[in-house]
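Whole structure, please, built from the sequences with the hints as guidance.
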Amino acid sequence: MASQHRSIPRRIWKTLSSVATGITLLILTVIASAAGTFILQRPLTDPEQMLKAYSPATLRWLDAGQLTDVFHSWWFVSLLALLCLNIVFASLERFPTVWRYFSRPYRRPDAHFLTGLPLHVEIPVRSTRSGVEAAERAFRRLGMKPQHVGSGEEFSLYAERHRFARLAAYVVHLSLLLILGGGIVDAIWGYRGYMALTLDDKSNAIDLRDGTKKTLPFTVRCDGAGQENYADGSPRRWWSRLAVLEDGREVKRKEIEVNEPLVYRGLRFFQSGYGSTGQVGSIRLLAVSKKDPANSHELVLHPGENVSLDGDTEVRLAAFVPDLVINGNQIESRSDQPNNPAIQLAIRSKAAGDTRLWLFANFQAFAHSNSSPYDFKYKDLAMGYFTGLQVSYEPGQWAVWAGCILMGIGLMMAFYFVHIRYWAVPVNDGRGRLVLWVGAAASKNREQFEERFRRLVREIEQELKANTAAERRVKAAALVGA
Amino acid sequence: MMERAKAESHPVPSGNMLTVLVSLCVVFLLFTAFLGAVKRGELFTEQNLLYVALILYGAATVLYLGFGVTGIHRYVQAASLATWLGFLTNTLAVGHRWYIAGHPPFSSIYEMLLSFVWTLAALTIFVERRYHVQVIGTVTMPIATLSVILIQLLPSEVRPLVPALQSTWLHIHVSLAMLAYAACAVSFALAMMFLIQDRLRTETFLAATSAFLLSVYIGIATRFDPSGGLRLIAWDAQGKQEIFFAEKTRLMVVVPELGWFFFLVLAAVLVPLVLYFWATMNRIGSALTWANRAFFVGALLQVVALIAFILRVREGVYPSSQVEGLFATNLSASPFILAGLVGGVFASMLYLLLLWRRSDLERMLPSADTLDVLTYKTIGIGFPLLTLMIAAGAYWANRTWGSYWSWDPKETWALITWLVYAGYLHMRITRGWRGRRAAYFAIIGFAVVLFTFFGVTYLLRGLHAYA
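Just so you know, the protein sequences line up as chains A and B, in that order.
Numbering-wise, the numbering used here puts 204 at position 204 of the first sequence, and it's gapless, one number per residue.
Numbering-wise, the numbering used here puts 113 at position 113 of the second sequence, and it's gapless, one number per residue.
I should point out that these hints are in silico values taken from the structure, not numbers from a laboratory.
Every residue, glycine too, gets a C-beta built ideally from N, C-alpha and C.
Heads up, some of the hints might be wrong.
[As the list claims (entries may be wrong)] Pairs of lysine to aspartate or glutamate, DMTMM-like flavour, derived with a Cα cap of 25 Å:
1) B/377 <-> A/447
2) B/410 <-> A/69
3) B/410 <-> A/447
4) B/410 <-> A/63
5) A/379 <-> A/332
6) B/377 <-> A/332
[Said to hold, decoys possible] Here are some chain B residues pointing at chain A (derived, C-beta under 10 Å):
7) 225
8) 400
9) 402
10) 420
11) 430
Pasting the structure below:
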């Protein structure tokens, strides 16, 4: 009945901080996450595939409940937020007690504690002094450093180990909050996008996931990119040489590859793809002068670039078809691969006027035209390649990594460290006997701990026996001397 | 040699019989394997090492099972020795693989199984040494043996790594995953043993085993073809890979008759479950006897199904419903169906062992309290490993894809596993859950692990598709 008389805020607090609420939220999170893996999710799946998988009515319901994008839905985010709140409240509720354990170790047991502690024994001793000293030696033999509690002749012993283990649960929960906090920061302020660059190309715009573009305050230029293959032809390595330009000045340069990004101003550029653009990158030709056949020279043509052959003549690439096929009277390209390249050159000569001529790499590699001062012979070509860069900005990731490390530490503390405490207090038992009260407590693993406690008691008893034997010897010596 | 062993051991049915028999078998098999290897001129190859490990693990399995049934202590000593030796050869095989491939063996399902078996053997030895739970091998070593058999069937050549997989962090991630999953497997075995010691009724185990078998065969039944066949992924024997019909669509072949047969097995494993419910609802004891008989028949049918599956799928070409022509398939193309079948047979065997030898098992196992604490302790090892595994995976994903968390199915299920075990720990620590409820929680946790490991790869393919 008493609980019903509590004030409403108190009851809300109690509910939010209870373990039952936490477990309920945990179960709900599990169910929601599982649902998110079974139902096709929006940003990853194409709209057509969604329509194929679900009927329009079902899809409408799923969309209405945001079940097609569970992990970004308001209700999933609220679930996580409630879970965070539960962790915070539960910690606040329990922390003061645990902090007392930690900050003010209980060194001097009172009479009530002496009788109430489950694990304790009473060993008869001859004198306070000798009893405590024997216990101290036993403590030290087992690798513990006992503290003297109290002053003068009347002191007792206290030893403990791994006191910090008391805080383990809080460290773990704090780390969880750090990770979730980092995730929230990234969800709000972070972004991910894509940038495709061809050789020597530069850009400051990235295509974001949601289809919009974002302009960066600096420019990235691609100075080279390539792919290395295994013997069987599968890709082994992709790389790109990138340069960062700010106000036209080069400020950073790096060769990136998969797993090795370029980082600049918190933005990271990842190698994520590499492929042919379908455009030619460069063509190597031999130009033979008609006037002077001996005077032939090699030239390299890039798209959109004029190459001057002498003071009078220039040549440029007019058209390029990588995989030529004649379909009726139409020129088409069958693929993006240079299987049957056709090259059209535009020659501009002051003396002879403008001419265009075709070169077919596979079957007519030599082009001759009466109106051109040069003949051209095809040597080879290189296709243009683009490098695909994944761009991401995650300002919260450092909180996430810090949280991960902290969680590792916290779990270590929680599972592998036990706060153990030992007391040795000389007291008079009810029947007027002088005894050494030895007690111990462990924060967990009590069954195993009992064994350790028994060992300590055995050690103390042995020390006391040795003591008595030594005393007897001293007494005997004194008697002989007398 | 074998005959002599039989002749010698027959008149004396003592505790030595099985040990001697198994040792002679091991010596015989090793000797023939050695002769074969010498003939082929290659002695220390990974295949040979794995074969030796298989022989030793098999011997350990037989001895551990003998120990589980009879409780003769000598068996467990011999089994330990066999496990140790098997572990050593397994280590050599892993090392050899690492040396040949130039990267730690975690990049394909073959290599992962290799590492998993290694971890399982290591954990078995550890638990036996440290906690003196000698019977643990009765559960773990059969798993190890079956995994090594499975390894022999999978494509084993060293494949080049695609760029995204060339990362130390990936190796850390996968080794942590293997360790964590092995710890979860051990905690599952301990929780099961706890339930035996906690006097959970045998028929409850019957229902649970039948439910597991049912889920396996329902999973396989999703591949049922209307023509009565079973749809399997086609396999390119030359390229040693799956055949793709279009982008992201695998070419499927239909193995005739197999579909009907599997339906029959599905019905056979359903019968004991139906009988169990009927028996418990109407309180008829004789129905339970019939349920157990039906279970035995179902187990036999499963063995036949496994053999039929292996025989049909190993060789031969089959038509496809997608395109004209005949295509080959291979056991390597259906590792999960194979794993499900083998796992089903294994679970059935364990149940029959319990049914027939429960009193012996109870005598052999540690006390319920010890098992309860041990289950908690193994989860105490598994949970931090699970945490670190997720963290390492996130770090690797961040370096490769630029995002540490993208909610892909594998990630999400790893998180779900983590949450389930976190729930277990909270209930145990703050609510003082002990005994049966905690054991059920541990079992659910392992079921989730299994789903994360097999189910997600099989049913929900995401970024982890190549794993």
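TODO: Starting from the hint list further up, note which numbers the structure goes against and sort them upward.
DONE: 3, 6, 7
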